[in-house]
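Two chains, two separate frames, one set of hints: put the complex together.
Chain order of the listed sequences is X and B.
Residue numbers for the first sequence follow the working numbering, so the first one is 1 and each next one is one higher.
Residue numbers for the second sequence follow the working numbering, so the first one is 1 and each next one is one higher.
Think of the hints as simulated: they come from the structure by calculation, not from any bench.
Every residue gets a Cβ at the ideal spot worked out from N, C-alpha and C, and that includes glycine.
Each hint should be verified, as a subset may be incorrect.
[As the list claims (entries may be wrong)] Calculated Cβ distances over 12 angstroms to all of chain B for the following chain X residues:
(1) Gln8
(2) Thr27
(3) Leu65
(4) Glu121
[As the list claims (entries may be wrong)] What follows is a set of in silico ranges between Cβ atoms, one per label pair, in the way DEER data are often shown:
(5) B:Thr18 to X:Glu171: 37 to 43 angstroms
(6) X:Leu179 to B:Asp82: 42 to 48 angstroms
(7) B:Gly65 to X:Leu179: 48 to 54 angstroms
(8) X:Gln216 to B:Arg54: 51 to 57 angstroms
(9) X:Ala70 to B:Lys58: 14 to 20 angstroms
(10) B:Ala60 to X:Leu179: 41 to 47 angstroms
(11) B:Arg85 to X:Glu171: 58 to 64 angstroms
(12) B:Thr18 to X:Leu179: 32 to 38 angstroms
(13) B:Thr18 to X:Ala64: 19 to 25 angstroms
(14) B:Asp40 to X:Asp224: 50 to 56 angstroms
[What the hints assert, rightly or not] Derived DSBU-like pairs (lysine-lysine); straight-line CA-CA distance at most 30 angstroms:
(15) B:Lys74 to X:Lys50
(16) X:Lys67 to B:Lys58
(17) B:Lys74 to B:Lys58
(18) X:Lys67 to B:Lys74
Single-letter residue listing:
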Amino acid sequence: MPHFDDTQLMAYADGELPAAEAAAITTALAEDPALAARIERFAASRRALKQAFALPAAEPLSPALLKLLAPPAATAAPRNAVRRRPRWPMALAASLLLGLGLMSGYKLLNPAADSLSLALETLPSGEIRRTAEGEIVALSTLAAGDGSLCREYERSSASTSQRGLACREGEGQWRERALAAAVPPDAGGYQLAGGEPVDAAIALNARRLSLEEERQRLLQGWRD
Amino acid sequence: MPGRWLAAGLPLLSMSTTFRDQLIALLPRLKRFALGLTVDATEADDLVQAACERALAKQAQWQPGTRLDSWLFKITQNLWIDRLRARGPVDDLEPALLEQLPAADWQQGFEQSLMLGQVLQAMQQLPAPMRAVLMLVCVEDLSYREAAATLDVPIGTVMSRLARARAALHAILGEHHAPL
Numbered sequence: 001m002p003h004f005d006d007t008q009l010m011a012y013a014d015g016e017l018p019a020a021e022a023a024a025i026t027t028a029l030a031e032d033p034a035l036a037a038r039i040e041r042f043a044a045s046r047r048a049l050k051q052a053f054a055l056p057a058a059e060p061l062s063p064a065l066l067k068l069l070a071p072p073a074a075t076a077a078p079r080n081a082v083r084r085r086p087r088w089p090m091a092l093a094a095s096l097l098l099g100l101g102l103m104s105g106y107k108l109l110n111p112a113a114d115s116l117s118l119a120l121e122t123l124p125s126g127e128i129r130r131t132a133e134g135e136i137v138a139l140s141t142l143a144a145g146d147g148s149l150c151r152e153y154e155r156s157s158a159s160t161s162q163r164g165l166a167c168r169e170g171e172g173q174w175r176e177r178a179l180a181a182a183v184p185p186d187a188g189g190y191q192l193a194g195g196e197p198v199d200a201a202i203a204l205n206a207r208r209l210s211l212e213e214e215r216q217r218l219l220q221g222w223r224d
Numbered sequence: 001m002p003g004r005w006l007a008a009g010l011p012l013l014s015m016s017t018t019f020r021d022q023l024i025a026l027l028p029r030l031k032r033f034a035l036g037l038t039v040d041a042t043e044a045d046d047l048v049q050a051a052c053e054r055a056l057a058k059q060a061q062w063q064p065g066t067r068l069d070s071w072l073f074k075i076t077q078n079l080w081i082d083r084l085r086a087r088g089p090v091d092d093l094e095p096a097l098l099e100q101l102p103a104a105d106w107q108q109g110f111e112q113s114l115m116l117g118q119v120l121q122a123m124q125q126l127p128a129p130m131r132a133v134l135m136l137v138c139v140e141d142l143s144y145r146e147a148a149a150t151l152d153v154p155i156g157t158v159m160s161r162l163a164r165a166r167a168a169l170h171a172i173l174g175e176h177h178a179p180l
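Looking at chain B on its own, in the form it has when it is part of the complex (with noise of 0.2 angstroms):
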C-alpha cells in the first residue's frame, strides 16, 4: 500500500538515504506519538530526544526492510513506559475512571472539530497504555496486528484496549462538547 510504503520512511530509497536522514523525515510522527502518550509538550520533546538517542545507538538492531516507524514507536513507547515506572506504579489497566463513566449518549456524539487541545485534556484521563494503542491505530494508521507487534501484546488486548479507550473518550469527550 503506497500510503503505508511512504509512510514507513520510503524503505526503497534506503540504499540512498541514510538511516539518519529517514529518522529525521520521520520526526514529526514521532514527535506526534510522543506527545499523545505524555500529554505534555516539553515531555513530548524530551522523550523524542531519548528516543532519538536510543534509536542512533541501537541502529544496528533495525533490519532494513521492515518498517522504521513502527521500531520508532517501539523504541519511544518503552523509554515512556521506563519512565513511568521510575516515578512510581503504572496506571492500572482498568482504571476506576472507566467504571464510572455515564453511559454515553452516543447519537450525539463529540463531532468533526475538536481542538487538540480538547483531546489532550481527554487523554490525560486515560492509562497510559490506552493511549498509546490510541496513537497507533486512531492517528498512525497502524494495523491491530502491526500495533501488537509495536506494544509486545497479543492482538486481543489491542481490540480490548482500544475499545474501552475509544468508548472512555466518547464519554468524556461528549459531555464538553455540544452536539451538533
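Pulled out of the complex, with its shape left as it was, chain X reads as follows (with noise of 0.2 angstroms):
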C-alpha cells in the first residue's frame, strides 16, 4: 500500500495536487479507509474555521475608520461645499449593489444545480470541489427511509456560506430540498418550507451512512 504524508493528504482535501498525485490518492482511497479518515480531518479543520469566521451580516465601522475612509473634502468641487456628507456610503451601497447584480447574472448563465449535481454525484464525504461560484463541501450522505439518497453539503462563495440538503432524483441528479445557515444554531438544524427547524435524518426518517457505506454506494453510482 502506497505511503501518503500529511501534506500530501491536506493538499488533497484542499484540491491543490497535481492531477497525476490527486488520482494516486483516490486509487488508494478505494482500498485504505484509514486514509479517508486522515484526509476528512483536514477537510473538518477548514470547515470548522470557515463556518466560525462566517462575516457577519453587518458591522459597524469604528469614528476612526470612518474618518480615515472618508473621501478628502472638497478636493475636486469648490462648488459642493453645502454637499458635505460624506459619500462612500453610497459607493459602499453601490458596490454591494453591483456584486449581487453580477452574481444573480452569473447564475442565470450557469444554474447551480448542475455544479450541485456534479459535485454530490463524485464527492466522498469532507471533500471540497472548487466551482465556478465557490466551493462545495460535501458533509454526509443519508438514506431516507424511502430508500432514496440524500447528502449534506456546505455551499461557500466569497460572500455566504450555507448547508443544504439535496436528494438524488434520478442519474446524476440531486435537487436541493433544504437550506440552513451554514453555523446552525443547533447543529443539525435545518429550516425547512414549513419554516420549523428540524434534523435532517429526523425529517426524512433517514440514517447517516458510514464513511464505509458512503464509499461503496458512491463506487457503484449509488446504487444499492
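Pasting the structure below:
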C-alpha cells in the first residue's frame, strides 16, 4: 500500500494536489478506509474555521475608520461646499448592489444545480470541490426511509456560506431540499419549507451512512 | 473564477470605483483576518485602522489588476509582526506546544458547530505565523501559492505550517469538544 504524508493528504483535501498525485490517492482510497479519515481531518478543520469565521452581516465601522476613509473634503469641486455628507456610504451601497447583480446574472447563465449535482454525485464526504461560484463541501450521506439517498453539503462563495440538503432524483441529478445558515443554532438544524428547524435525518426518517458505506455506494454509482 | 474575482474587490469596476471604495468593500474580511491574527477584538480593530492608514499612504504601490485583498492582508500581517517584534521575541515556529500535543483521535474530531470563541481560544495557543496561514487558506480561500506570495515564504513552508497548524487545532479542539 503506498504511503502518503500529511502534507499530501492536506493538499488533496484542499484541491491543491497535481492531478497525477491526486489520482494516486483516489485509487488508494478505494482500498484504505483509514486514508479517508486522515483526509477528513483536514477537511474538518477547514470547515470549522470557515464556519466559525463566517462574516457578520453588518458590522459598524469605528469612528476613527470612518474619518480615515471619508473622501478628502472638497478637493475636486469647491461648488460642493453645501453637500458635505461623505459619499462613501453611497459608493459602498452601489458596489454591494453591483456585486449582487453580477452574482445573480451569473447564476442565470450557469444554473447552480449542475455544479451541485456533479459535486454530490462524485465527492466523498469531507472533500471539497471548487466550482465556478465558490466551493462545495460534501458533508455526509443519508439513506432516507423510502430508500432514496440524500446528501448534506456546504456551499460557499466569496460572500455567503450555507449548509444544504439535496436528494438524488435520477441518474446524476441531485435536487436541493433544504438550506440552513452555515452555523446552525443547533447542529443539524435545517429550515424546511414549513419554517420549522428540524434535524435533517429525522425529517427524512433517515440514517447517516458510514464513510465506508458511502464509499461503496459512490463506487457503485449510488446503486444498492 | 468569479468567486475569486468578486472577492478580489471587483477589479473590473476599478475604473469607476476608487481605491477607497474598494478598500471599504474589503473591510469586513480585513477585520476578520486581523481578528484571526490577534485573537483580540480591540487589538484587531486597532490593527485594521493602522493597516488602512498604511494602505492609503502606499496606494500608489498597489498595481490595479492584482488582488487588492492579498495586498491588504500582506500589509496587515507585516504590521502585526512588527508589533509583535516590538513587544519581544516572536514565537518560535516549532513551539514546545506542538511536541506535547496528544495524539489526536481524528475519527472523533470536532464538527460543524464550533463557536468563534472556541476557535479563537484554540488559535491563541498557536504561533502567529501559523494563525496567518490558517486564516489565508482556510478562511480566505487563498491558494497555497497566493498565501506564499502574501506571506513572502516558499510554498513548501506554507504547506508544512498549514498541516501542523491544522493538526494542532484538531488536537486542541478535539480535547474540549464532545464527539457527535
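Going through the hints against the structure:
1. Gln8: Violated: least Cβ distance 9 angstroms, not greater than 12 angstroms.
2. Thr27: 22 angstroms, holds
3. Leu65: 6 angstroms, violated
4. Glu121: With a cut-off of 12 angstroms, glutamate 121 of chain X remains clear of chain B, as the shortest Cβ separation is near 21 angstroms.
5. B:Thr18 to X:Glu171: 37 to 43 angstroms: 51 angstroms, violated
6. X:Leu179 to B:Asp82: 42 to 48 angstroms: Distance hint for leucine 179 of chain X, aspartate 82 of chain B holds at roughly 43 angstroms.
7. B:Gly65 to X:Leu179: 48 to 54 angstroms: 36 angstroms, violated
8. X:Gln216 to B:Arg54: 51 to 57 angstroms: 55 angstroms, holds
9. X:Ala70 to B:Lys58: 14 to 20 angstroms: Holds, at about 19 angstroms.
10. B:Ala60 to X:Leu179: 41 to 47 angstroms: Cβ of alanine 60 of chain B to Cβ of leucine 179 of chain X: about 44 angstroms, so the range 41 to 47 angstroms holds.
11. B:Arg85 to X:Glu171: 58 to 64 angstroms: 59 angstroms, holds
12. B:Thr18 to X:Leu179: 32 to 38 angstroms: 36 angstroms, holds
13. B:Thr18 to X:Ala64: 19 to 25 angstroms: 20 angstroms, holds
14. B:Asp40 to X:Asp224: 50 to 56 angstroms: Holds, at about 53 angstroms.
15. B:Lys74 to X:Lys50: 20 angstroms, holds
16. X:Lys67 to B:Lys58: The given pair, whose Cα atoms are some 18 angstroms apart, holds under the 30 angstroms limit.
17. B:Lys74 to B:Lys58: 13 angstroms, holds
18. X:Lys67 to B:Lys74: Holds. Lysine 67 of chain X to lysine 74 of chain B sits at ~23 angstroms (cutoff 30 angstroms).
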